[in-house]
Amino acid sequence: MARLTIDRAQKRFGSYLALDDVSIAVEDGEFLAVLGPSGCGKTTLLRQIAGFDKLDGGRISIGDRLVSSAQSHIPPEHRKLGIVFQSYALWPHMTVAENVAYGLTVAGVRDPERSKRVAAALDLVGLNGFAERRPGLLSGGQRQRVALARCLVTEPSLVLLDEPLANLDVHLRASMEEEFSRFHERTGTTMVYITHDQAEAMALADRIAVMDRGRLLQLATPSLLYREPANVTVAGFIGEGMVLPATILSAPQAGRCKVSVLGVEAVVRCRPDQAVTGQAKLCLRARDIGIAGAGQDGLPATVERLSYQGGFFRMEARPASNQDIVLHLDAAEPAPAQAGEAIRIAISDGWIIPESVSLDKAA
Amino acid sequence: MSLADPATLRTRVEETGLLWGLVGLVALLSLLPIGRLVVEGLAPGGQLSATALGKVMASPATWTATWNSLTTAIAGTILATLIGGTVALLATLTDIRARNAFTFCFVLPLMIAPQVTALAWLQLFGPSSTLLKLIGMAPPLGSRNPLYSREGIILLLGLQYAPLVFLTLRAGLRALPKELIEAGLAAGASPLTVLRTVVLPLMTPPLVAGIALCFVSSLGNFGIPAFLGIPGNFLVLPTLIYQRLAGLGPGVLSEVAILSLLIGIIAMAGILLQDLMLRRRDFRITTTSSAARPFELGRWRRPVEIGLWAFAILVLAMPFLGLLSTSLIPAFGVPLNAKTATLANYAYVLFEHAASKRAFINSFLMSAGAATLIVLICVPLGYFIVWKKSRALRLLNLAAELPYAMPGVVLAIAAILLFLKPLPVLNVSLYNTIWIIVFAYLARFLVLGLRPVISGYLQIDRTLEEAAQIAGAGLPRRLVTIIFPLVAPAAVAGALLVFLTAFNELTVSALLWSSGAETLGVVVFSFEQGGDSTYASALAAITVVVTVGLMASTTLFAQKLPQGVLPWRD
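First to last, the protein sequences are chains A and B.
Numbering-wise, this note's numbering puts 294 at position 275 of the first sequence, and it's gapless, one number per residue.
Numbering-wise, this note's numbering puts 494 at position 510 of the second sequence, and it's gapless, one number per residue.
If you are wondering where the hints come from, they were derived from the structure by calculation, not from laboratory data.
Don't take every hint at face value.
[Unchecked claim] Subject to a maximum C-alpha distance of 30 Å in a straight line, what follows is the list of computed BS3-like cross-link-like pairs (lysine-lysine):
{"hint": "1", "chain 1": "A", "residue 1": "K73", "chain 2": "B", "residue 2": "K323"}
{"hint": "2", "chain 1": "B", "residue 1": "K372", "chain 2": "B", "residue 2": "K162"}
{"hint": "3", "chain 1": "A", "residue 1": "K73", "chain 2": "B", "residue 2": "K372"}
{"hint": "4", "chain 1": "A", "residue 1": "K300", "chain 2": "A", "residue 2": "K277"}
{"hint": "5", "chain 1": "B", "residue 1": "K323", "chain 2": "B", "residue 2": "K341"}
{"hint": "6", "chain 1": "B", "residue 1": "K544", "chain 2": "B", "residue 2": "K162"}
[What the hints assert, rightly or not] Have a look at the derived ranges for each label pair, beta carbon to beta carbon:
{"hint": "7", "chain 1": "B", "residue 1": "K372", "chain 2": "A", "residue 2": "D188", "range": "34 to 40 Å"}
{"hint": "8", "chain 1": "A", "residue 1": "K73", "chain 2": "B", "residue 2": "V23", "range": "56 to 62 Å"}
{"hint": "9", "chain 1": "A", "residue 1": "D343", "chain 2": "B", "residue 2": "P175", "range": "33 to 39 Å"}
{"hint": "10", "chain 1": "B", "residue 1": "S174", "chain 2": "A", "residue 2": "K73", "range": "35 to 41 Å"}
{"hint": "11", "chain 1": "A", "residue 1": "D188", "chain 2": "B", "residue 2": "L540", "range": "53 to 59 Å"}
{"hint": "12", "chain 1": "A", "residue 1": "P111", "chain 2": "B", "residue 2": "L379", "range": "55 to 61 Å"}
{"hint": "13", "chain 1": "B", "residue 1": "V409", "chain 2": "A", "residue 2": "P131", "range": "48 to 54 Å"}
A virtual CB, placed ideally from N, CA and C, is assigned to each residue, including glycine.
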């Protein structure tokens, strides 16, 4: 187990900055997810941690050992970490057992110790009957398990997982997700999990690092990330947040303030030091808004589209005061309104996006 | 650089050591010989002098041979292009059956040694043709074999290298997206119009590349003009060099070096001309989709199939039957029948004739040795070229092409220049040993092994290597346990190409052989020159059987091969 410290990491490909001053400190035994759309730099980050590429600036340390900086570079084979690759990367010319045993052989572990540990690792992933098979004959889920066993058999202090579920079907994903988190609990290994799927990241990680265009946008627990996005990009990316212009009407009190949004007033969450301003941005989630009850104040809007989600409807509506904005909200069955009908929308919660976050250069 | 820990340091030393070792080796095999030759051309015998140059330039033989080389190479290339191009279009774009078998048969002449082809055709025609006698159609005694002529050389060069044009054009046709053809058909054009206005214009690059390859090969060919030209004193540059060197010894080395540079310059001109032709227009193809649906020939299918197979049989089976029939008679001129047929010639070349017995062992060991060494060089070399993207090696990759692109005599002369004097420091002489031939094989055929290995690397998912790296394996261990097994099929294909080419070659060893270091090509050549056509035919027939057998054996591991690494596999 080891801390992983990434300090102002920079990587350039030609004139393109693939990593732009990324700093992350991963605690010992922590499960960190790195989340972002494709091309955000998350795979570049993983390759830097693993040592496949060289840094152009900044430093990466595993435990107390400096492994990467612009001046020095420890090759991947001496970093003592494990990777589960998206493509599994199982060697087709070896059996399952030989695949798993490889790292032990390289480390000089001999039989019977080696075969004992291979058997234990295969047992752990539920593949003890498969030792002599070739990887080519296994299903996707089984291959993923072999990759996991191969990675963990050497008990690395740090495990990197590169979109390990991207090639699996939906049913397998759920069970593999469970498997990963059981593993993390049992071994206490520090894990860095690269993914573009926020549901996966939310379900598994202790903390999530959201990246976009080579920059770290926010590093926080899943709940904080969802409830209190630091900037507009994170707000829009996580949980399909709607970002609306708002005017703050009162200074924060007990973490809440009064705002005016699209011509109606609402009380929403905010930072305790939130300044009173006319240029605030409000993040709303579908569950923060609903159709106003009788006598309740609400935002007049027109229903544009209804789509059935199983048990409820996702409703899209345009506010009368600003036709450029589309709000989406959940409506229980049976549908309370049809497309084209006028409704009033009540705002029950929301979050004022902190305005002067230094990371938020993109917004 | 900050101080690294010992393990990191060791890794760095291993990797850079291997890289620079490879750089040195490739430079030694490709740049050194050509460089040495150029130096000899400028400063013969170590002194800057124009005497040798003047002597060569003043000799009428030089210009006759140059003219003969140019005319035979150009006319042979035109013939090869007509045959290879037509066959490639028919066999790739139409719905003929048994395409695999046809490809195998059509490409076969390319893999058979040119001197064997020449010998076989000589047996087919002429007054002593055993086969023609069999059917009573042999020309009258005393008349000249029509193949001993400029036209004969052109004909055989055309037949020998038609597969080169076929192969490059077919590779291009396969990469042609079907949408381009379908769009033409949908616009109402007939298949022939589409062929003329869409397919052929887009096929200019592969066609030009094939033509250039064919020209350079024809120019450098030694076996065909040696068998067909020397008897009638019709000399081309490679045979002129051979005669000078064989007749006058190493004393004329400076002169033949200049002659070989002359061939080198003509070959380079051919390659540059190709470059120039392709630079004028944009031929890039934008989509990559599956190959086009073949044009249906309808009622023309049967006649086309018959025509193609008749041609394949004519150029393949007939000369081989000529060869076979000559190898079965007791003495040249005796008609072949149930009474005269004998295997004595085979017994003689296999068990009695000392040089011929040695040649089997020499050719086999040298070809196998060169193939093995080349694979051992190419696997790490391909690793650095494809995956590490080493710039030094990318340049050397081009350099490695040089000894193969140049005519074989050029390399042979360069090797003599390099090794005529004993090696410095070691004080060992390679000249007049088999090692000078091994060196020439390694230099000349390196690229034959490298190309399949590189396409093998391009098709392997690199994370397989990265996974081993993460598991702690250093580069030497990764090469042995992970990388080599993964590229093995491509490497085996490369090794086989090297083996077959070396096993059948004559161009290099004709100039480099010495007593005790004969190759099969040399022995066939000297049998034929000494008038022993029956022995030459028997020996040649054996090499053909070995070659075809090895080619056919590749079906065993065909599924594991990257597409297109073996010319005779569809």
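Do the hints match the structure? See the list:
The straight-line distance between the Cα atoms of A/K73 and B/K323 is roughly 79 Å, outside the 30 Å bound, and the hint therefore fails. The straight-line distance between the Cα atoms of B/K372 and B/K162 is roughly 35 Å, outside the 30 Å bound, and the hint therefore fails. The suggested pairing of A/K73 with B/K372 holds, with an alpha-carbon distance near 13 Å, which does not exceed 30 Å. Taking the CA atoms of A/K300 and A/K277, the gap is about 13 Å. The hint holds against a cut of 30 Å.
At most 30 Å may separate the alpha-carbon atoms for a hinted pair to count; B/K323 and B/K341 meet this at roughly 28 Å. In summary, the hint linking B/K544 to B/K162 is supported, as the alpha carbons are separated by about 26 Å, within the 30 Å threshold. In this structure the supplied range 34 to 40 Å holds for B/K372 paired with A/D188, their Cβ-Cβ distance being about 36 Å. Judged by the Cβ atoms, the range 56 to 62 Å given for A/K73 and B/V23 is violated: they are separated by roughly 41 Å.
Between A/D343 and B/P175 the CB atoms are about 55 Å apart, so this pair departs from the stated range of 33 to 39 Å. For B/S174 and A/K73, the hinted distance range of 35 to 41 Å is not satisfied, since their beta carbons lie about 58 Å from each other. The hint said 53 to 59 Å for the Cβ distance between A/D188 and B/L540, and at roughly 37 Å that hint is violated. Judged by the Cβ atoms, the range 55 to 61 Å given for A/P111 and B/L379 is violated: they are separated by roughly 33 Å.
Between B/V409 and A/P131 the beta carbon distance is about 52 Å. The supplied range of 48 to 54 Å therefore holds.
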